[in-house]
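Asker: Protein chains in written order, with our numbering: chain A, 1 to 479; chain B, 1001 to 1132; chain C, 2001 to 2434.
Just to be clear, a hint being listed does not mean it is correct.
Said to hold, decoys possible - Some chain C residues judged to face chain A by a derived CB distance under 7 Å, without partners named: (1) Leu2073; (2) Arg2092; (3) Ser2138; (4) Arg2150; (5) Lys2156; (6) Leu2181; (7) Val2185; (8) Gly2224; (9) Thr2301.
What the hints assert, rightly or not - Restricting the straight-line Cα-Cα distance to at most 20 Å, the calculated cross-link-like pairs of lysine to aspartate or glutamate (EDC-like) are: (10) A:Lys310 to A:Glu338; (11) A:Lys80 to C:Glu2128; (12) C:Lys2042 to A:Asp254.
What the hints assert, rightly or not - To spell it out: a stretch of chain C is covered by chain A in this simulated footprint if at least three of its residues, at any positions, have a beta carbon under 8 Å from a beta carbon of chain A; those stretches are: (13) 2192-2201; (14) 2315-2328.
Worth flagging that the hints you see were computed from the coordinates, not collected in a lab.
Bear in mind the structure is a predicted one, so any value in this text is a computation, not a measurement.
Where is the CB? At the ideal position from N, CA and C, for every residue including glycine.
One-letter residues, chain by chain:
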Amino acid sequence: MHHYLLPDISQPGKIGCSLPHLDVTPTELPPQELLRQELELPEVSEAELVRYFTALSKLNYGVDTGFYPLGSCTMKYSPKWHEDIAKLPGFTSIHPYQPVESVQGALQLMFELQDYLTEITGMDAASLAPMAGAQGELASILMVKAYHQARGDEKRKRILVPDSAHGTNPATAAMCGFEISAVPSDGDGNLDLTSLESMMNEEVAALTLTLPTTLGLFDPQIAEISRLIHQRGGLLCGDGANLNSLLGRVKFGDMGFDCVQLNLHKTFSTPHGGGGPGSGPVCVESNLADFLPSPLVTKDKGYTFTTPAKSIGNLGAAYGNFGVMVKAYAYIRSLGVEGLKEVSENAVINANYLKEKLKAYYHLPYDRTCMHEVVFSGKRQKAKGVHTLDIAKRLLDFGFHPPTVYFPLVVDEAIMIEPTETESKQTLDAFIDAMKQIAKEADENPDILHTAPHNTPVRRLDEVTAARKPDLRWEMSRR
Amino acid sequence: MNPKEYKYTQEHEWICPEPGDKGKMGLTEYAQSQLGDIVYLDLPAPGTQVEQFKKLGEVESVKAVSDIFAPVSGQVLEVNQTATDAPNLVNEDPYGAGWLVRLELSQPSELDALMNSDEYDKFVAELEEKPE
Amino acid sequence: MSSPYLPNTDADRSAMLQEIGVGSADELFQDIPEKFRKVQLKLPPPLSELELKEELRQLSSRNASLDDYACFLGAGYYRHFIPSVIGHITGRSEFYTAYTPYQAEASQGTLQTIYEYQSLVCQLTGMEVSNAGMYDGSTAAAEAALMACRVTNRDKVAVLSTVNPSYSEVVDTYVNGHNILLEMVEPNLDSLSSDCACLIVQQPNFLGYFEDMGAYAEKAHDIGALLVVAVDPISLGMFAPPADYGADIVVAEGQALGSPTSFGGPGLGIFTCRKEYARQMPGRIVGKTVDVDGKPGYVLTLATREQHIRRERATSNICTNEALVALATTVYLATLGKSGLRRVAELCYHKAHYAADAIGKLKGYSLVFPQPFFKEFVVRCPVAPHQLNKALLKERIIGGLDLSHMIDNGMLLCVTEVNTRQDIDRLVVILSKF
């Protein structure tokens, strides 16, 4: 079934759903020039559509299918009852612009979530408006820009970003008109403080730092980093993508961060949806609170929306991804403080266990305690002509989704593994066995790796032709 | 291996001088092998002024983008449409059919700053020896 | 305390700690300076699934849901009929627990559905290419503005005053970052600067009526600017697609196509444009190709535009988008199909005109704009709209958007195929009391 596309299974006259008759007298149609002459969309019956999409779903691999150790993505299990709760009509069938007195339940949920997130991060205020982590980063950098402008400081033209940073960090800084300078990491995988000190001056608006870093390591120099940035008038922005390792144990606010964006679809268990929806709330210290993106939910006699005094503006036409917030809210309410601590504890144990068991087979660039994820390098295998890409594709044959590959850029042939706390030791052991087997194959039978995957619905795809001669859609014209 | 009459930059571009202070430029064999399958070329339109060693365009493979730098200063006279339509030519024949841009040189003496083919051969050999 | 989401037992953890070579899990946090590890957190005590379901159910019941209240409110988010089949497809966990399809061989389901999505929205808007979606209609408009600036190499954008103010606000937020200037222009376009990268318009406009798009396209193209059109995607079941009148980029809020209003999020930013601009589009794009055996398959393509490769030179910083909402849109368009979408649009059109006609005849009420409209129209009311809406709320009706800051006692009303004749008649009766 999946070898077809909708136009292939479409036949004139088929309908996919029933619609009511018109219950009012029809009115005159508007002028002809406004109207559409042709509307070419597929015509398929409901059962055929269900079979088609069901067949497609079976080609997919999700967290519910198996282990999905994508580093930096926190592919943890999404509790099912969140899905049911989020579907309640009182949450789904409410209009963002209906009178506030008619949506007090929604506003209360948002207000309390704001509170929980500020408590967890140890910050002073939060906005739930950003619809993804990258938009949360955008909010942070726009706030940094507004903050310096409000101080009358026109010299702050640069953002510092570690060389290990996720691509969204420099992309975001560029979207805000800043120049970007990359701060090197040292041999231990920490930020090179000497370089940071020489790069930090009154032209730097902020440093964006992921902590733990994208190498999965906690940089113990954080207090010094904060001091170096702040003493020259800069701000410290956190990328909270790796919060899963710190839940309940460490607060960004304590460590000197002025703002941090979170990813509800990572740390707070909301499902990834095949690439979204996500939610990227941003939390700030009091020095940035006036600049937060609009709106905030405040409580007076009832709940209502307010706009911060010097807000950077709106990031969307409504209030953020409410449907995602509901699930994150449910998650925090089901965990409590001890539950959060158990999450970070188990996440970190699982990652360190993988680190210990795999380091005999794969090069470990930084042999030190990792946090919730561990980064290996495929360079041992590269010497035998096997690349990280081949290792990743071969893992598919073993029924595992590959880890993140070729990121961070500072590690050659990087393999970034984040097991999360929702994986059992049994699953990890099976993964370890597969990785051991692959390492053996790299020695004894590299060809099986070069030609992997063998057992998936399609095998390696021609990405070169896809980029040279893009085929981005089918076309249906008048039949 | 690298054509003797061409001149080379440290960023792995070549230029083949032509009579009348003109020249064709492209990417070297080493460059195309490092880039992998090239999928797209972003080159300047005829009439564009370029400056030696400054960015002139971009070359894309599936997973990476690299800048192309001008080997000399001057004006773009012609762009190789055949290569932009079929970027695989740059992989297959980087010194011939895979040429990128024809330039009119504004300062022909700039050619002296470039490597000759022996120097470039040596340069590439040293790069390939370097440990990872 | 054991949790259903933590599958490891104490025995498992002990065994792992032993392998790691530490005595306790605490030792694994030693890189964190001790002073930062002494945190106190205050959160509500955890509750079980049973207890929380009840609590959240009660919280949700404190919201007036459009399942219980008749809705005449639109302004960008719409209550339309959502066929049940959609939820059953998006509820398949192979779709909703997957992530971005970076490993194409394990993600053909996601990739093929995105390819279908890209195709369907192009069929709808008449444009040649689409991406996999942005966050919502307003950010799609904002990214269109940024793209127009890249394409034309200009740093000014014009937004027509009849565009949804929520969209202009977001465009403003985004262009501010780039130090690009935003100009609001009136429909006469007298103040349109010749160095604008684009003119952003909406059809039908925010006030519900249709404008002369051909004239806007001509004026924009005369100055070398792109025409960016924000549309109501349901209207495209009946009304001319923007490609017909010279649009260069077409954006839309996809929520109306198969997703609930959801208090404004998640939505979907539909983003389509001319083929020649494909490499300047932000966001993910899926392409069709073949595998080593010659079997057709799908991959993310043109990835060199994106942040994970181009970093600070990326066309956008977007990473996570609204994939599951795009899937809902795909199933919706496939389900409604050629005749269904047209039918939905016609139902909206006729019901809205029936309502407008009846309200226009009421004493003290008048229709503000004479131009043709689709499913939304502005009414001047005899009393302040918020007063009307209070009364309507008591009658379990959500009234229209209060526009009194723009138009004296103005209210923007919306009627869709979900509103029955009884709903509309009841609305008219209540309005007649003022």
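Asker: For the hint on Thr2301 (chain C), just tell me whether its beta-carbon gets within less than 7 Å of chain A.
Answerer: 4 Å, holds
Asker: With chain A as the partner, please determine if Leu2181 (chain C) meets the hint condition of a C-beta pair closer than 7 Å.
Answerer: Violated - the Cβ of Leu2181 (chain C) stays beyond 7 Å from chain A, reaching only about 13 Å at its closest.
Asker: Return the status of the interface hint for Ser2138 (chain C): holds when the least beta-carbon distance to chain A is below 7 Å, violated otherwise.
Answerer: With Cβ-Cβ at 4 Å, under 7 Å, it holds.
Asker: Please work out if Lys2042 (chain C) and Asp254 (chain A) have their alpha carbons no farther apart than 20 Å.
Answerer: 15 Å, holds
Asker: State whether the coverage of the segment 2192-2201 of chain C by chain A holds or is violated, taking the criterion as 3 or more residues with Cβ-Cβ distances under 8 Å.
Answerer: Coverage by chain A is violated for the segment 2192-2201 of chain C (0 residues, Cβ < 8 Å).
Asker: Interface hint check: Arg2092 (chain C), Cβ to nearest Cβ on chain A, cutoff 7 Å. Holds or violated?
Answerer: 4 Å, holds
Asker: Hey, does the Val2185 (chain C) contact hint survive, CB to chain A under 7 Å?
Answerer: 20 Å, violated
Asker: If you draw a straight line from the CA of Lys80 (chain A) to the CA of Glu2128 (chain C), is it 20 Å or shorter?
Answerer: Distance ~39 Å between Lys80 (chain A) and Glu2128 (chain C) Cα, so the pair is violated.
Asker: The hint names Lys2156 (chain C) as touching chain A; please verify it with the least Cβ-Cβ distance against 7 Å.
Answerer: Check failed: Cβ of Lys2156 (chain C) comes no nearer than 15 Å to chain A, outside 7 Å.
Asker: Does Glu338 (chain A) lie within 20 Å of Lys310 (chain A) when you go C-alpha to C-alpha?
Answerer: Since the Cα atoms of Lys310 (chain A) and Glu338 (chain A) sit roughly 37 Å apart, the hinted pair is violated (cutoff 20 Å).
Asker: Let me know if the C-beta of Gly2224 (chain C) comes in closer than 7 Å to any C-beta of chain A, holds or violated.
Answerer: 24 Å, violated
Asker: With chain A as the partner, please determine if Leu2073 (chain C) meets the hint condition of a C-beta pair closer than 7 Å.
Answerer: 5 Å, holds
Of the numbered hints listed earlier, those contradicted by the structure are 4, 5, 6, 7, 8, 10, 11, 13.
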